[in-house]
Amino acid sequence: MDFELMINSFPKLLNAAVITLKLLSVSLIVGLFIGLLFAILRLNKNIFINKFAYGYSYVFRGTPLLVQIFIIYFGLGQIESLRSSFLWVILKEPYWCAIIAFALNTGAYTSEILRSAFQTIKPGIIEAGKSLGISNKIIFYKVQIPIAIRQSLPAYGNEIILMLKGTSLASTVTLMDLTGVAKYIISTTFKPIEVFIVAGGIYLFLTFIIHNVIKFLEKKYSY
Amino acid sequence: MELLAFGDTGWGDELFRATLMTIAVSITAMLIGFSFAAIFTPLKLSKFKFLNLIANIYTTVIRGVPELLVIYLFFFGGSGAIMFVASMFGYNEYIEINAFVTGSFAIGIISGAYSTEVFRGAIQSIDKGQFEAAKVLGFSKFKQFYKIILPQMLRLAIPNLSNVWQITLKDTSLISVTGLVEIMRQSYIAAGSTRDPLFFYSFAAVLYLLLTFISMKLINKLEVKYSRGY
Numbered sequence: 001m002d003f004e005l006m007i008n009s010f011p012k013l014l015n016a017a018v019i020t021l022k023l024l025s026v027s028l029i030v031g032l033f034i035g036l037l038f039a040i041l042r043l044n045k046n047i048f049i050n051k052f053a054y055g056y057s058y059v060f061r062g063t064p065l066l067v068q069i070f071i072i073y074f075g076l077g078q079i080e081s082l083r084s085s086f087l088w089v090i091l092k093e094p095y096w097c098a099i100i101a102f103a104l105n106t107g108a109y110t111s112e113i114l115r116s117a118f119q120t121i122k123p124g125i126i127e128a129g130k131s132l133g134i135s136n137k138i139i140f141y142k143v144q145i146p147i148a149i150r151q152s153l154p155a156y157g158n159e160i161i162l163m164l165k166g167t168s169l170a171s172t173v174t175l176m177d178l179t180g181v182a183k184y185i186i187s188t189t190f191k192p193i194e195v196f197i198v199a200g201g202i203y204l205f206l207t208f209i210i211h212n213v214i215k216f217l218e219k220k221y222s223y
Numbered sequence: 224m225e226l227l228a229f230g231d232t233g234w235g236d237e238l239f240r241a242t243l244m245t246i247a248v249s250i251t252a253m254l255i256g257f258s259f260a261a262i263f264t265p266l267k268l269s270k271f272k273f274l275n276l277i278a279n280i281y282t283t284v285i286r287g288v289p290e291l292l293v294i295y296l297f298f299f300g301g302s303g304a305i306m307f308v309a310s311m312f313g314y315n316e317y318i319e320i321n322a323f324v325t326g327s328f329a330i331g332i333i334s335g336a337y338s339t340e341v342f343r344g345a346i347q348s349i350d351k352g353q354f355e356a357a358k359v360l361g362f363s364k365f366k367q368f369y370k371i372i373l374p375q376m377l378r379l380a381i382p383n384l385s386n387v388w389q390i391t392l393k394d395t396s397l398i399s400v401t402g403l404v405e406i407m408r409q410s411y412i413a414a415g416s417t418r419d420p421l422f423f424y425s426f427a428a429v430l431y432l433l434l435t436f437i438s439m440k441l442i443n444k445l446e447v448k449y450s451r452g453y
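First to last, the sequence lines map onto chains A and B.
For the first sequence, position 154 (counting from the first letter as 1) is numbered 154 according to the numbering used here, and the numbering increases by one without interruption.
For the second sequence, position 97 (counting from the first letter as 1) is numbered 320 according to the numbering used here, and the numbering increases by one without interruption.
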């Protein structure tokens, strides 16, 4: 055990963890909106809209995240019209490519979580709102969404942790996140176990915090 | 389309072999995972707090740390660990383990942590009366497990195990960083030499979708088989 290396690499890895958290938070926020949008589309009665939303979540849940990042980072640059458009400013940056891939990926899982949450809302609650003369729109925003959020908290907590682990793939497109720096230190010092303990410890600490925040929220919003 | 031709001109046969490799790694990893689950599930359900602790550390650490980090640990640390063990037996030559073994082992350990949780959940949700009835009828511990608990457990576990299988299948794409030529690695090579990454990575995505789709169909059949009588 090389304790000196562990102590020396700790601040470097901690710095890298900030990038991991940035990637995680931005992609979760964008992913939540995508997820909500596609969950609503899934509940639409129009069969084409419905199938489109289903296809989106099927494709993104059925393929590895690594493939999705590679298609966006390496693949999209090949399209000539994209390279000359304003989008290229975003797509040439590995940082934004990773975030787009993560957001689309977590959006697909989130849409499934929210959809099942919407579907488990008892019809009686919506009927009660209707019989009180509340408009459909307000029922949706003031009744269905809050209940769905509460219902989906445990599953969404898991999704956040899966996404935290998913951000490690950013290291494959040259980003120096926690896993990227860990790999760099391992490949220069050839001390995998020490670095694994420190980097893994930081990841576990983050998981622990996320787990407890979700638990707290669950308690707060339980009814 | 000529990019996918079989033979020397296209990448069809290479990608086909790579797909077989992905399937082989996934199945090996899943089986290694089952053996880990077979060890750690009893520890989780044990009466002894210390054994519980060991199993909990295993599942928590593996499920809380990114798969890629675990793969790097095995990739860089694997042969070192084997050589250390070998040196205790007096063998001091350099040992290199191949990418298939490292990869399946790394993914297997990850998959095992998920399988352990699935089996634990399944055993815990079997009615207590079943255990008691088996005991009263004088079944030995061994027979009790194989004839009564296992069939019921499998029925409950299969839907969740199909999720574990999906996770395992998708995780194998990460082994490409160690240089094992599976779908992802082969697409990377093909994309590099033809300068057509969009096509090859999209094709890789289609291959993964096909694999998940076919395995879902097969697992659904298993599910029906094990739900007979319910």
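Hint data in this document are derived by calculation from the structure and do not stem from the laboratory.
Some hints here could point you the wrong way.
[What the hints assert, rightly or not] In silico DSS-like cross-links for lysine-lysine, where the CA-CA straight-line distance does not exceed 25 Å:
id: 1; chain 1: A; residue 1: K142; chain 2: A; residue 2: K22
id: 2; chain 1: B; residue 1: K370; chain 2: B; residue 2: K272
id: 3; chain 1: A; residue 1: K51; chain 2: B; residue 2: K448
id: 4; chain 1: B; residue 1: K448; chain 2: B; residue 2: K370
id: 5; chain 1: B; residue 1: K364; chain 2: B; residue 2: K267
id: 6; chain 1: A; residue 1: K215; chain 2: B; residue 2: K370
Given the structure is predicted, the values throughout are model-derived calculations rather than measurements.
These are the hints, each one checked on the structure:
no.: 1; hint: A:K142 to A:K22; verdict: 31 Å, violated
no.: 2; hint: B:K370 to B:K272; verdict: 28 Å, violated
no.: 3; hint: A:K51 to B:K448; verdict: 30 Å, violated
no.: 4; hint: B:K448 to B:K370; verdict: 17 Å, holds
no.: 5; hint: B:K364 to B:K267; verdict: 18 Å, holds
no.: 6; hint: A:K215 to B:K370; verdict: 39 Å, violated
Against the hints set out earlier in the document, violations occur for numbers 1, 2, 3, 6.
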